Amino acid sequence: NAGVTQTPKFQVLKTGQSMTLQCAQDMNHNSMYWYRQDPGMGLRLIYYSASEGTTDKGEVPNGYNVSRLNKREFSLRLESAAPSQTSVYFCASSDGLAAYEQYFGPGTRLTVT
Amino acid sequence: AQSVTQLGSHVSVSEGALVLLRCNYSSSVPPYLFWYVQYPNQGLQLLLKYTSAATLVKGINGFEAEFKKSETSFHLTKPSAHMSDAAEYFCAVSDRSNYQLIWGAGTKLIIKP
Numbered sequence: 117n118a119g120v121t122q123t124p125k126f127q128v129l130k131t132g133q134s135m136t137l138q139c140a141q142d143m144n145h146n147s148m149y150w151y152r153q154d155p156g157m158g159l160r161l162i163y164y165s166a167s168e169g170t171t172d173k174g175e176v177p178n179g180y181n182v183s184r185l186n187k188r189e190f191s192l193r194l195e196s197a198a199p200s201q202t203s204v205y206f207c208a209s210s211d212g213l214a215a216y217e218q219y220f221g222p223g224t225r226l227t228v229t
Numbered sequence: 034a035q036s037v038t039q040l041g042s043h044v045s046v047s048e049g050a051l052v053l054l055r056c057n058y059s060s061s062v063p064p065y066l067f068w069y070v071q072y073p074n075q076g077l078q079l080l081l082k083y084t085s086a087a088t089l090v091k092g093i094n095g096f097e098a099e100f101k102k103s104e105t106s107f108h109l110t111k112p113s114a115h116m117s118d119a120a121e122y123f124c125a126v127s128d129r130s131n132y133q134l135i136w137g138a139g140t141k142l143i144i145k146p
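Taken in sequence, the protein lines are chains A and B. Under the working numbering, read the first sequence as residues 117 to 229, first letter to last. Under the working numbering, read the second sequence as residues 34 to 146, first letter to last.
If you are wondering where the hints come from, they were derived from the structure by calculation, not from laboratory data. A few of these clues could be false.
[As the list claims (entries may be wrong)] Derived BS3-like pairs (lysine-lysine); straight-line CA-CA distance at most 30 Å:
#, chain 1, residue 1, chain 2, residue 2
1, B, 101, B, 141
2, B, 91, B, 101
3, B, 102, B, 82
4, B, 82, A, 173
5, A, 187, B, 82
6, A, 125, B, 141
7, A, 125, B, 82
8, B, 101, B, 82
9, B, 102, B, 141
Since the model is a prediction, treat every value here as computed from it, not as a measurement.
Build the full structure now, drawing on both the sequences and the hints.
See below:
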């Protein structure tokens, strides 16, 4: 049981490049999330997927797109990376929303130069 | 809008001393409340949560938190700190109609030998 896995672990991009962060969970959870973590700011929700086939914007969606490929996988795409997107990105999953525990992946450390 | 305030970006205690990490929230109705812990270079994991049962909630690793509606607080405590408790701790709140967790900025707990 791997839980939540994320690839890659580290990535360096130049401004304007694109990339996709991959996330998969093997807990049969309905809901999945993408967060970014910046020093002193806690976690901020980028996008979430309440269930397979649905996605919605979170607090900071600008510059990102997501795809809920199936129940297991939820990817995050940066179409044209900017230095302001330098951050640590976490994927999480849960059985449902609100009261349910979220399970986190190990994170992707992204640097945009 | 909901908000979460964690008092103190860094808290330092001696090994064996009481740990007290403070969390205050703003909400018009009693929310769901969570404490998560993040060890260096890892994702977050749930310590404990309050979802309207007992106001004193016990979690993993000897931590507990008390929900005080009158003070809009959910402070985290542990009677005796251990070196392995050194980590960053995040308080989060979710209202009962909202899927999103709103996160505090985090408190880094430092344990002095």
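Cross-check of the supplied hints:
For a cut-off of 30 Å, the pair hint linking residue 101 of chain B to residue 141 of chain B stands: about 23 Å separates their Cα positions. Using a Cα cut-off of 30 Å, the hinted pair residue 91 of chain B and residue 101 of chain B holds, with the two alpha carbons roughly 15 Å apart. Of the supplied pair hints, the one linking residue 102 of chain B and residue 82 of chain B holds, its CA atoms being roughly 15 Å apart against a limit of 30 Å. For the proposed pair residue 82 of chain B and residue 173 of chain A, the alpha carbon gap of about 25 Å is at most 30 Å, so the pair holds.
Distance restraint check for residue 187 of chain A and residue 82 of chain B: the Cα-Cα separation of roughly 26 Å lies within the 30 Å cut-off, and the hinted pair is therefore satisfied. In summary, the hint linking residue 125 of chain A to residue 141 of chain B is supported, as the alpha carbons are separated by about 23 Å, within the 30 Å threshold. Of the supplied pair hints, the one linking residue 125 of chain A and residue 82 of chain B holds, its CA atoms being roughly 29 Å apart against a limit of 30 Å. Our distance criterion of 30 Å between C-alpha atoms is met by residue 101 of chain B and residue 82 of chain B, whose separation comes to about 14 Å.
A distance of roughly 25 Å separates the Cα atoms of residue 102 of chain B and residue 141 of chain B; the hinted pair therefore holds under the 30 Å criterion.
Figure legend: structure checked against the earlier numbered hints; every hint is met.
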